[in-house]
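As a plain string of letters, each chain reads:
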Amino acid sequence: MQAMYIRVKRNKTTYFIQCDPTETILQLKEKLYNLIDQPVNDQRLILMLVGDVLEDSKSLADQKIENDAVVALALRKDDNQFEDVNIVKPNDFYQPRDSEGGANW
Amino acid sequence: MKKEDTVKLISAEGFEFIIDKKAAMVSQTIRNMLTSPGSFAETEHGEVTFPEISTTILEKICQYFYWSLQYASGKETEFHIEPEITLELMMAANYLHT
Amino acid sequence: MSCSCVSVRRKYLHKGLLRQLLLDFRYNLSVRPTHAPTEVVIELESQKMESQLVEMCMESATESRDAVEAWRRQRRTLESMPNHLAEALLHRLLGRRLLFPSLLEVFKYCVEEIDLRGESCVDAEWMAYIGAFDHLHSLNLSDCDKINNSAIWAITGMTNLRELDLSRCSKITDAGISHLTTIPILEKLWIPETGITADGVVLLSSLTNLSLLDLGGLPVSDSALCSLKVLGKLQHLDLWGSEVSNKGASHLKWFPRLSSLNLAWTKVTMLPSLPSLACLNMSNCTIHSIFEGEGQKALLTKLILSGATIRNVSEAFIHLETSSLSILDLSNSSLNSYCFLPYMSAISDLDLSGTSAGDETVEHIACVGQNLRHLNLSRTKLSSAGLGILAGFVPNLETLLLSYTAIDDFAISFLITMPLLKCINLSGTNIRGIINDVDSESNSASSLSGLCDLDHLERLDLEETRIKDSALVPLPSFRKLSYLSLRSGHLTDTTLHQLSSNRSLVTLGIRDGVLTNTGLYLFNPPPSMRILDLRGCWLLTEDALLSFQQRHPQIEVRHDLLSIALIKRLSVHSPLSQATPRTKLYTNKKGGPSTSPLRSNRDRYLDQRLKYTREELLAMSFGSASISRDNVDWIPHALATDG
Numbered sequence: 001m002q003a004m005y006i007r008v009k010r011n012k013t014t015y016f017i018q019c020d021p022t023e024t025i026l027q028l029k030e031k032l033y034n035l036i037d038q039p040v041n042d043q044r045l046i047l048m049l050v051g052d053v054l055e056d057s058k059s060l061a062d063q064k065i066e067n068d069a070v071v072a073l074a075l076r077k078d079d080n081q082f083e084d085v086n087i088v089k090p091n092d093f094y095q096p097r098d099s100e101g102g103a104n105w
Numbered sequence: 001m002k003k004e005d006t007v008k009l010i011s012a013e014g015f016e017f018i019i020d021k022k023a024a025m026v027s028q029t030i031r032n033m034l035t036s037p038g039s040f041a042e043t044e045h046g047e048v049t050f051p052e053i054s055t056t057i058l059e060k061i062c063q064y065f066y067w068s069l070q071y072a073s074g075k076e077t078e079f080h081i082e083p084e085i086t087l088e089l090m091m092a093a094n095y096l097h098t
Numbered sequence: 001m002s003c004s005c006v007s008v009r010r011k012y013l014h015k016g017l018l019r020q021l022l023l024d025f026r027y028n029l030s031v032r033p034t035h036a037p038t039e040v041v042i043e044l045e046s047q048k049m050e051s052q053l054v055e056m057c058m059e060s061a062t063e064s065r066d067a068v069e070a071w072r073r074q075r076r077t078l079e080s081m082p083n084h085l086a087e088a089l090l091h092r093l094l095g096r097r098l099l100f101p102s103l104l105e106v107f108k109y110c111v112e113e114i115d116l117r118g119e120s121c122v123d124a125e126w127m128a129y130i131g132a133f134d135h136l137h138s139l140n141l142s143d144c145d146k147i148n149n150s151a152i153w154a155i156t157g158m159t160n161l162r163e164l165d166l167s168r169c170s171k172i173t174d175a176g177i178s179h180l181t182t183i184p185i186l187e188k189l190w191i192p193e194t195g196i197t198a199d200g201v202v203l204l205s206s207l208t209n210l211s212l213l214d215l216g217g218l219p220v221s222d223s224a225l226c227s228l229k230v231l232g233k234l235q236h237l238d239l240w241g242s243e244v245s246n247k248g249a250s251h252l253k254w255f256p257r258l259s260s261l262n263l264a265w266t267k268v269t270m271l272p273s274l275p276s277l278a279c280l281n282m283s284n285c286t287i288h289s290i291f292e293g294e295g296q297k298a299l300l301t302k303l304i305l306s307g308a309t310i311r312n313v314s315e316a317f318i319h320l321e322t323s324s325l326s327i328l329d330l331s332n333s334s335l336n337s338y339c340f341l342p343y344m345s346a347i348s349d350l351d352l353s354g355t356s357a358g359d360e361t362v363e364h365i366a367c368v369g370q371n372l373r374h375l376n377l378s379r380t381k382l383s384s385a386g387l388g389i390l391a392g393f394v395p396n397l398e399t400l401l402l403s404y405t406a407i408d409d410f411a412i413s414f415l416i417t418m419p420l421l422k423c424i425n426l427s428g429t430n431i432r433g434i435i436n437d438v439d440s441e442s443n444s445a446s447s448l449s450g451l452c453d454l455d456h457l458e459r460l461d462l463e464e465t466r467i468k469d470s471a472l473v474p475l476p477s478f479r480k481l482s483y484l485s486l487r488s489g490h491l492t493d494t495t496l497h498q499l500s501s502n503r504s505l506v507t508l509g510i511r512d513g514v515l516t517n518t519g520l521y522l523f524n525p526p527p528s529m530r531i532l533d534l535r536g537c538w539l540l541t542e543d544a545l546l547s548f549q550q551r552h553p554q555i556e557v558r559h560d561l562l563s564i565a566l567i568k569r570l571s572v573h574s575p576l577s578q579a580t581p582r583t584k585l586y587t588n589k590k591g592g593p594s595t596s597p598l599r600s601n602r603d604r605y606l607d608q609r610l611k612y613t614r615e616e617l618l619a620m621s622f623g624s625a626s627i628s629r630d631n632v633d634w635i636p637h638a639l640a641t642d643g
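So the protein sequences, as listed, match chains P, D and C. What the first sequence shows, in full-length UniProt numbering, is residues 1 to 105, in sequence order. What the second sequence shows, in full-length UniProt numbering, is residues 1 to 98, in sequence order. What the third sequence shows, in full-length UniProt numbering, is residues 1 to 643, in sequence order.
What the hints contain is simulated information worked out from the structure, not anything from laboratory work. Treat the numbers as computed from the prediction; the structure is a model and nothing was measured. Worth double-checking, as some hints may not be accurate.
Claimed, not checked - Output of the computed footprint for chain D on chain P, the stretches with three or more beta carbons under 8 Å from beta carbons of chain D:
id	segment
1	45 to 56
2	76 to 83
As the list claims (entries may be wrong) - In silico BS3-like links for lysine-lysine, alpha-carbon gap of 30 Å or less:
id	chain 1	residue 1	chain 2	residue 2
3	P	K64	D	K22
4	P	K89	D	K2
5	D	K2	P	K77
6	P	K58	D	K21
7	P	K58	P	K12
8	D	K2	P	K58
9	P	K31	D	K75
10	C	K297	C	K247
11	D	K8	P	K31
12	P	K12	D	K22
13	C	K188	C	K233
14	P	K64	D	K8
15	D	K21	P	K31
16	C	K381	C	K297
17	P	K64	D	K21
18	D	K2	P	K12
19	D	K3	P	K89
20	D	K22	P	K77
21	P	K77	D	K8
22	P	K31	D	K22
23	D	K3	P	K58
24	P	K89	D	K22
25	D	K75	P	K64
26	C	K267	C	K229
27	C	K381	C	K302
28	D	K75	P	K77
29	P	K64	P	K89
30	D	K3	P	K77
As the list claims (entries may be wrong) - For the chain P half of the interface with chain D, some residues (derived, Cβ under 8 Å), not all of them:
id	residue
31	Y5
32	N34
33	L35
34	D68
Ideal Cβ placement from N, Cα and C applies to all residues, glycine included.
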């Protein structure tokens, strides 16, 4: 059991990834590669709480990524540009109220 | 982390959660599905669909699985349950034996 | 808007506590009234322990009024919720004073059982909602003070109600029976100690599906009993304290399926042959004969004759088929002979406490000792030599209660011959824990070391004996001992420290010991310990006890000063405490110079709770949100955690 996990989200999919605060973003992308078969160069990760694009060389701790954090995944498109961040919110019964939206997903 | 070590849980609205098998096994129900091959067709593809569990609740359940593993290994954090979802979550937890 | 989140920390998830939380509302504890034979029946429903997340959700959902509002806004009813969850939720809300009549509406379609026992708030408004519960199968309203005839009008014609408990609802009278008779599917009905008369009982004859009928404490006459003959499905009938006489008892033949009958505290002296009967209670009756008559003999398995007077035993029991009897309670009864005992070859539980039984009786018991598992010989004329007669004849004995008999340390060598003993009570005996004479006390061996060989020993009571610290040296090596109760002015800190090395102790009582603050401070309790009873240890101060509690929050400490501290604490929150002047008496004492222990001894033994009525205690409990109403015993623990 590793010290923490983060939730990587894209469209309607969420990956729960176990990790350590000392890991780099590159290492995190390698883990994702195993799951989604997309090379690390084609991945872009954005910390949703602040909207920062995460840098490969920095560690999770450096970029203040905590346990249970939500990170958006964007993939490189055919035109070599990264797609826009798209996380579909569930349209089920209990939407978190606006006042607490950010922290709750 | 290998793909074979994960399992995909699919909510009523078709949202997908890919989690470690070890985490999913916190649920006795899922554990039974994964450890009795053949009896649950969907588990052979590493996927379990829960048509009765909404996305918000299923995600909360997954978060609970990880919290439970961390808790078992001695990390004393709190698990927050928003009052709005307590009853749905309770029913899902009851169904999943977790 | 509210966003209160529940936080669950490890200490709250302590397994025992959690289990207690879950079970406290599931125990269906029905206590027979105290002036009748007290028979406590604990029925543990076969519900499994809930999973952890379910428990956390339950906790969160019932945390506060705001939490309830939050989930209630999401759903109008709990229709899809499994019964057991809905019922657990309802009862948890009830226990936390968060349930009110209109909230009952959400449970309308998903609850089959409601237990409102002892809830003084339950009135006609509650009943109006409950009457609409389509699936309600079982309703317990026992001891609900406000329930009267008009309140139960709401349950008229309920289509699924099969069990109804109105025990001790004293405002229910014959007029209320007419509401009950609209529910012909009723199978179990409890109406003891209500305001119902013999006329009301006659009306019950229309409830022909009844299999259980509890009429305890009602003035049921012979003719009223006769009118119930039509209840052919009746299996359990409770008539304790009624006006039924031998004439009425002769009608009992008309209940072909009757298997359990309670005639305690009645004038019945002769019982006709009742072939279907398995359990009979005739406590406090004068018995001339049981089952006299023609036909098949009853295969009685349980016979309770506590406090009964049996002038001629051989005549009274001559028609009794004794070979099937497994439980026999003759405690405090008056009888002249025990010659029937050798015929009770299936006996497993025998209670002769408080009778004239002596060493010669033990010879009879030894004849049928093979299946005996529980034997109570407390307050009899038994001696150590008498116990010796049992040696080798009771290989399966698990419980042996010998308190307040004349046995001494020689008895211990006989106890060792009973290898399965789990529970031994030696309180108030001549046991001193040493074999030799007083003269050679310094180098005499502890007699208790013999008990070390009893591999199953879990509980040992040694209160009010002359045992000293040195005699208790062998106790730490008792591997399974989880309950030890000592009470003696000879015991000191030494005992406390000796016992810290016993790894299995859960409950330890050292009452009236001369334990000191320093001794308590140095005491390193075994990790298994949950209850430490130090009542009557008058040298201990409140500060020392509270400090111990803080260091060991998992242990519930019992002490007279803590009960006082509790009441002081509660009185801060509750305006009602002014109604209890005795609290002030104790408050004033605090901080004053230590008064003579002898002077206040008698007060110290009193459990503080005894001084209050249930209502006063409840009122005090409401005053403090942190305290569970259901379990006053926890209060010291609660104080320790927030103190």
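field: Numbered hints the structure breaks, given as an ascending list
entry: 1, 2, 16, 20 and 28
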